[in-house]
Amino acid sequence: MPVTVKQHTTPLSKQETDRTAHAVFIVPEGDDTPFPYRDLLLRRAERDQTRAMQVLVTDLPNTADTRLSFAQLKKEAPSSFELLSLARKLIAPHFSAAPKHIALFAPGVAADQIARLMDAMVAALAARAHPLPSFKSKPPKTPALKTVHLYGLPQRLDLSRTLAAAAGNNLARELAVLPPNELTPTRYRRRITQLAREQGWKMEFLDTAVLKRKKAGAFLAVAQGSAERDAGIVHLTYQPRTRSRKKALALVGKGICFDTGGHNLKPARHMHGMHEDMGGSAVALGTLLALTRLKVNFPVHCWLALSQNMIGPKAYKQNDVVTAANGTTIEVTHTDAEGRMVLADTLTFAARAKPGLLIDYATLTGACVYALGTAYSGVFTNRPEWLTDLIQAGVDSGERVWPFPTDEDYDKELDSTIADIKQCTLGGEADHILAARFLSRFVAGDVPWLHLDLSAATRKGGLAHVASDSTGFGVRYSLEFVLGKRAF
Numbered sequence: 002m003p004v005t006v007k008q009h010t011t012p013l014s015k016q017e018t019d020r021t022a023h024a025v026f027i028v029p030e031g032d033d034t035p036f037p038y039r040d041l042l043l044r045r046a047e048r049d050q051t052r053a054m055q056v057l058v059t060d061l062p063n064t065a066d067t068r069l070s071f072a073q074l075k076k077e078a079p080s081s082f083e084l085l086s087l088a089r090k091l092i093a094p095h096f097s098a099a100p101k102h103i104a105l106f107a108p109g110v111a112a113d114q115i116a117r118l119m120d121a122m123v124a125a126l127a128a129r130a131h132p133l134p135s136f137k138s139k140p141p142k143t144p145a146l147k148t149v150h151l152y153g154l155p156q157r158l159d160l161s162r163t164l165a166a167a168a169g170n171n172l173a174r175e176l177a178v179l180p181p182n183e184l185t186p187t188r189y190r191r192r193i194t195q196l197a198r199e200q201g202w203k204m205e206f207l208d209t210a211v212l213k214r215k216k217a218g219a220f221l222a223v224a225q226g227s228a229e230r231d232a233g234i235v236h237l238t239y240q241p242r243t244r245s246r247k248k249a250l251a252l253v254g255k256g257i258c259f260d261t262g263g264h265n266l267k268p269a270r271h272m273h274g275m276h277e278d279m280g281g282s283a284v285a286l287g288t289l290l291a292l293t294r295l296k297v298n299f300p301v302h303c304w305l306a307l308s309q310n311m312i313g314p315k316a317y318k319q320n321d322v323v324t325a326a327n328g329t330t331i332e333v334t335h336t337d338a339e340g341r342m343v344l345a346d347t348l349t350f351a352a353r354a355k356p357g358l359l360i361d362y363a364t365l366t367g368a369c370v371y372a373l374g375t376a377y378s379g380v381f382t383n384r385p386e387w388l389t390d391l392i393q394a395g396v397d398s399g400e401r402v403w404p405f406p407t408d409e410d411y412d413k414e415l416d417s418t419i420a421d422i423k424q425c426t427l428g429g430e431a432d433h434i435l436a437a438r439f440l441s442r443f444v445a446g447d448v449p450w451l452h453l454d455l456s457a458a459t460r461k462g463g464l465a466h467v468a469s470d471s472t473g474f475g476v477r478y479s480l481e482f483v484l485g486k487r488a489f
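For the sequence shown, the tail end lands on 489 under my numbering, and the numbers increase by one without skipping.
What the hints contain is simulated information worked out from the structure, not anything from laboratory work.
One should not assume that every hint holds.
Stated by the list, open to error - Here are the simulated lysine-lysine pairs, DSS-like style, with alpha carbons at most 27 angstroms apart:
no.: 1; residue 1: K76; residue 2: K101
no.: 2; residue 1: K318; residue 2: K267
no.: 3; residue 1: K147; residue 2: K7
no.: 4; residue 1: K75; residue 2: K90
no.: 5; residue 1: K355; residue 2: K203
no.: 6; residue 1: K213; residue 2: K296
no.: 7; residue 1: K75; residue 2: K101
no.: 8; residue 1: K137; residue 2: K461
no.: 9; residue 1: K355; residue 2: K90
no.: 10; residue 1: K267; residue 2: K315
no.: 11; residue 1: K216; residue 2: K318
no.: 12; residue 1: K203; residue 2: K215
no.: 13; residue 1: K139; residue 2: K355
no.: 14; residue 1: K355; residue 2: K247
no.: 15; residue 1: K147; residue 2: K90
no.: 16; residue 1: K75; residue 2: K213
no.: 17; residue 1: K216; residue 2: K355
no.: 18; residue 1: K213; residue 2: K318
no.: 19; residue 1: K247; residue 2: K315
no.: 20; residue 1: K203; residue 2: K247
Based on the provided sequences and hints, a complete structural model is requested.
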């Protein structure tokens with residue numbers, strides 16, 4: 002990460018404030034702790050009717066013309082999502098001036114809340130300071146932020162997870178916004194290869210020839226429509242430096258680099274943005290990067306299903322019957338339900354190693370968007386006893402999720418008269434649940450499994466601390482669940 006975070010236990014003085022071009026002050030509502038320009042800021046906040054959790058932006062009357070954003074925290078402890086959202090609003094006014102340095106000061110905030118607040122602020126700054134790809138003839142100005150100063154800390158904070166999550170989130174967003182001609186499966190694999198060299202990951206690529214030998218008919222059905230024979234499954238492995246008795250974590254990501262819908266062609270309105278249908282693979286890769294940065298003491302396997310869903314004379318079609326790698330025969334019902342097809346074989350391979358936890362990420366269904374909108378993502382599991390912890394991980398990370406049922410009686414909707422299972426239904430009712438039931442056929446029951454349907458992968462105007470439409474949702478959540486000792 003290019004931004005350096007410097008921590009200070011001393012408060013920010015008026016003299017230092019007057020030498021600072023950009024600053025953020027956050028104070029508890031009604032608190033009487035003194036801080037520079039306190040009376041002035043409170044008067045201006047009252048004049049502008051700035052309530053708790055709202056942002057006042059002003060220039061201080063000093064020689065530095067300090068641009069300052071100011072907010073008062075509500076008396077009841079804000080949620081992580083509220084803090085992240087506030088952090089994005091607090092830093093936004095500063096980036097038009099391309100600041101090189103910014104000071105954060107939270108006088109009067111209780112010691113047990115400082116860590117949460119500074120986590121949110123640093124996460125928002127790291128997201129905003131990361132330039133996303135642009136192909137404009139006149140590129141936008143690159144953020145110039147170099148140093149973030151945290152003042153008045155009761156003790157030094159451990160921000161390692163914050164910074165690791167930021168690195169993973171930035172990678173996921175950077176990949177997701179690339180146009181489809183810049184992130185074909187071939188080019189995507191080149192980027193992954195470079196990253197694997199940098200991070201010391203072992204890398205294996207299962208191309209279509211290998212997948213044919215492995216009888217991965219579900220994946221190959223989707224891949225066969227592409228003129229370029231560049232589809233395949235990437236398998237990355239992180240190994241801790243010291244041998245660990247812990248079971249491995251497996252991450253699986255849907256990497257459809259462009260989705261036309263196949264023979265069931267999408268209309269233009271729904272095809273627009275389908276270069277981001279690889280968002281699940283980007284989140285899996287970003288999570289692997291974050292865990293690597295943290296040097297976790299357990300192995301991590303990352304499986305990325307890279308393909309395109311194209312239309313052409315060889316493309317798969319409705320009523321085809323294909324056989325997946327685990328022997329399950331699948332009747333194709335809708336060629337635009339390609340994500341669950343490529344994930345079926347990829348999950349099969351990932352589950353065979355019996356990981357301690359398997360998580361898959363996919364921008365899988367419109368049904369999940371209809372159910373939740375784009376502020377939450379859906380979560381499914383074969384461990385119902387985890388439901389409370391799954392929700393709590395979303396509350397704590399600020400990346401909110403909501404669980405859906407995965408009861409076996411949903412399977413009757415996927416009954417096929419000619420194959421073991423139908424890929425989906427034509428009606429689309431409860432498709433996010435049916436997709437999860439379909440995927441569960443390819444995860445052995447003794448493997449703990451989470452499925453994240455990333456309805457919040459893209460949100461107009463951003464979400465929580467992220468200002469870009471592409472949110473990178475899932476990296477913070479995964480770190481919270483995996484490292485929070487809830488299940489792994």
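Would the hint linking K76 and K101 be met if the CA-CA limit is 27 angstroms? The hint is violated at about 33 angstroms.
Verify the proposed pairing of K216 with K318, using a straight-line Cα cut of 27 angstroms. holds, 19 angstroms
Pair hint K203 and K247, alpha-carbon separation not exceeding 27 angstroms: holds, 19 angstroms
Would the pair K355 and K203 pass a check requiring their Cα atoms to be no farther apart than 27 angstroms? holds, 19 angstroms
Between K147 and K90, does the CA-CA distance stay at or below 27 angstroms? OK: K147 and K90 at ~20 angstroms, within 27 angstroms.
CA of K75 to CA of K90, is that 27 angstroms or under? Roughly 16 angstroms separates the two Cα atoms, so the pair holds.
Starting from K355, check that the Cα of K90 is at most 27 angstroms away, please. Given pair K355, K90 is violated - Cα atoms ~44 angstroms apart, limit 27 angstroms.
Measure nothing beyond the straight line between the CA atoms of K247 and K315; if it is 27 angstroms or shorter, mark the hint as holding. violated, 44 angstroms
Measure nothing beyond the straight line between the CA atoms of K75 and K213; if it is 27 angstroms or shorter, mark the hint as holding. violated, 59 angstroms
For the pair supplied as a hint, K216 and K355, is the alpha-carbon distance within the 27 angstroms limit? Judged against 27 angstroms, a Cα distance of about 20 angstroms means the pair holds.
Agreement of K355 and K247 with the hint, judged by alpha carbon distance not exceeding 27 angstroms: holds, 12 angstroms
Compare the distance between the alpha carbons of K137 and K461 with 27 angstroms, and conclude whether the hinted pair is satisfied. Distance ~20 angstroms between K137 and K461 Cα, so the pair holds.
Violated hints for the displayed structure, listed by number in ascending order: 1, 6, 7, 9, 13, 16 and 19.
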